[in-house]
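Participant: From first to last, the protein sequence lines stand for chains A and B.
At position 71 of the first sequence the residue is numbered 168 (my numbering), and the sequence of numbers has no breaks.
At position 325 of the second sequence the residue is numbered 327 (my numbering), and the sequence of numbers has no breaks.
Across the chosen pairs, the derived CB separations fall in these ranges:
{"id": "1", "chain 1": "B", "residue 1": "G20", "chain 2": "A", "residue 2": "D220", "range": "53 to 63 Å"}
{"id": "2", "chain 1": "B", "residue 1": "P236", "chain 2": "A", "residue 2": "L223", "range": "29 to 39 Å"}
{"id": "3", "chain 1": "B", "residue 1": "V31", "chain 2": "A", "residue 2": "R233", "range": "31 to 41 Å"}
Cross-link-like lysine-lysine pairs, in silico, BS3-like; alpha carbons within 27 Å at most:
{"id": "4", "chain 1": "A", "residue 1": "K345", "chain 2": "A", "residue 2": "K296"}
{"id": "5", "chain 1": "A", "residue 1": "K277", "chain 2": "A", "residue 2": "K296"}
{"id": "6", "chain 1": "B", "residue 1": "K321", "chain 2": "A", "residue 2": "K345"}
{"id": "7", "chain 1": "A", "residue 1": "K382", "chain 2": "A", "residue 2": "K345"}
{"id": "8", "chain 1": "A", "residue 1": "K382", "chain 2": "B", "residue 2": "K321"}
Hints in this document: simulated from the structure, not taken from any laboratory.
Glycine included, C-beta positions come from ideal geometry on N, C-alpha and C.
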Amino acid sequence: MVWLAVSMALYNCDHIASPMADDVPSPEQLREGLLRQRYFADDGIITAVYLALVLGRPLLVEGEPGVGKTELARSLAELLGRELVRLQCYEGLDAAQALYEWNYPRQLLSVRAGDQVGNLYADEFLLERPLLRAVRSGDRAVLLIDEVDRSDSEFEAFLLEFLDAFQITIPERGTVRADKPPLVIVTSNRTRELHDAFKRRCMYHWIPFPEPEREREIIRAHAPGVDEAAARALVEAVMAVRSLRLVKRPGTAETIDWARGVSALVQQGHAWPDALRRSLGLLLKEQDDVETAVAEIQVLRIAPGGRL
Amino acid sequence: MRTAARQVEHLAVEHLQGFVTALARAGVVPGVQKQVDFLRAVALLRPCSPSELYWAARVTLVRALEEVEAFDSVFAAWFGDGLVPLAPPVGRPAPRLTASRRGRVVASAEGDATGRRKDAGHEASVDEVRSSCAFPATSIARRRLLAEAEAALSEELPTERARRHRPARHGERLDLRRVLSAAGRSGGEVVRLQWRDRLLRPRRVLLLVDVSASLRQSSGDALRFAHALVRTVPRCEVYTFGTRLTRVTRQLAKRDVDAALDGLADVVLDVNGGTRIGRALEEFLADARHTAAARDALVLILSDGLERGDPGAMAAAVKRLARLSHRVVWWSPLACDVSYQPLTRGMAEVVGDLDDLVGVCDLASAVDAVRRLPAVEAGPRRSVPATRLTVDTK
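So here's chain A without its partners, still in its complex pose:
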């Protein structure tokens, strides 16, 4: 039935395109805009973001830590000229911290001053928390729900309801609804399996580690002191490190840190391989991993202090 109904409209489809489609940038514009934000997105990210914007659905982004999930939301907010509203999830996060809270001390003062009870729930007593703020801003906001896998399943169920309708009911005030939904980016590090109902409501994208070529571009853009040859060598080393059995494989964020560290050391007069070895702590955050990498990878094996 669904197929029949939609197929009727498939090619003469101007009317099924969402009403927002006019002011949504095209995929090409998105790609260029993100590049200007120094975010190097591949086809998958561009398609996912475009569809999330046009179809008005939340985008669930998963990937290893440090591949740029949070950065994506930040760059998008900048690019679209919208406010970034961030909700960092943690175990025990509850509705009061995510939605709204009343300013009780002020209410109490007001009661003692003899105000009418009805006035106690005026705007001046309402403290906005991220979700209410996002609903009120509507399509002027990018809502980033960060590391949703850290929250407990109670909160996830609550979020489900919120993402369905983009509305919040305040018993004393009535229902607040977003006319146009905000762009919602949900990130997860996969430490916990999310509920199926939650995943069903979201677009899904997995951000892999970038290809060598893209990672070189990223290094060049974020660590200005590094030239093409150095970036190539760094990326080769990082690829080799990622192929090892490690406790934590380094993401792009760590690669950038490492590139910056190496370039700072080189400017101080350290030899190249020595600088790589010395700043390895920026790439790998576990002593076991550092030992494994030094033992396995040729470039890193030169003893500290050694010079070419």
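Take the given structure of chain A and dock chain B to it, following the hints.
Facilitator: Okay, now just chain B, sitting in the frame of chain A:
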């Protein structure tokens, strides 16, 4: 002319529908909403290269990383010849050749990113003895011991403070909402303070049960104990390991112990096989979802520690487990013997990282071991050598 165009459209829609049906057959079952999203995406993007169609389909239809592999193969089967059965709209440039190649490269790079974990379990199958588990019905005496174990678990398990604040008689935070509503009733006067506090709850428990041949005598009771654990502790995970690692929490969540053990037969295929503790633990630690179960948890390992593989791998894995968890306690059937010393190479390397090493060979000794947990909780970490030495000197 018009009807011809209609026919082409109809064919295209049928092809897309066939694709989604094939996906469902391959285990990627998109709900109705996802299918609608997919069609709208196709209508909006009007993809004219396989790469564009690939991403439009993947973003809308796939729900998790695990589904990507199946999705890729179905997609390749339906659109792999590079022909997109959708006529490009007039005025669009012809598809770029590089686009499709780039799309595929991205897709295959992803396989590499996760490939390590996927193939980790398959290598073992060469000399793996597959046999399923069948345990005799639980006797009345054993059921009584299980009830005792459940009582002991609910009394003795370590607790932690929950993350959420709940209304309480005394607490660390004022419950302003309740204070205020009470004050509203008494004309703005605060008569009594109300509090919120973080209540105590049982700490997370992770139980790893060795089901290899050397433990044939005790693995039935071990799994019965695991059933009692799952029934008593709200946040716990149980895995079995021999030559492979299997999560059995869900199978154990049945009410009756024998029904739960019967359910295990379908999933635990390495009963009475060899032991590769190190490999199984490494597999456990390689997945962030598993390590989340160990973080800040009480980890119980039920095994004799007789490692057939590389003892170094086992030692490294236990070391990491000790860093992740709240306490690591090793329950070994061998340690029921008073003269037991952890002298095998594997155990000798591991013992320094453990918080306790106790002899557990049946349900009665398991109950005793549970009763010991508060002492382990109170003592310093990594204190096994000391306790073992005191046994020694007697």
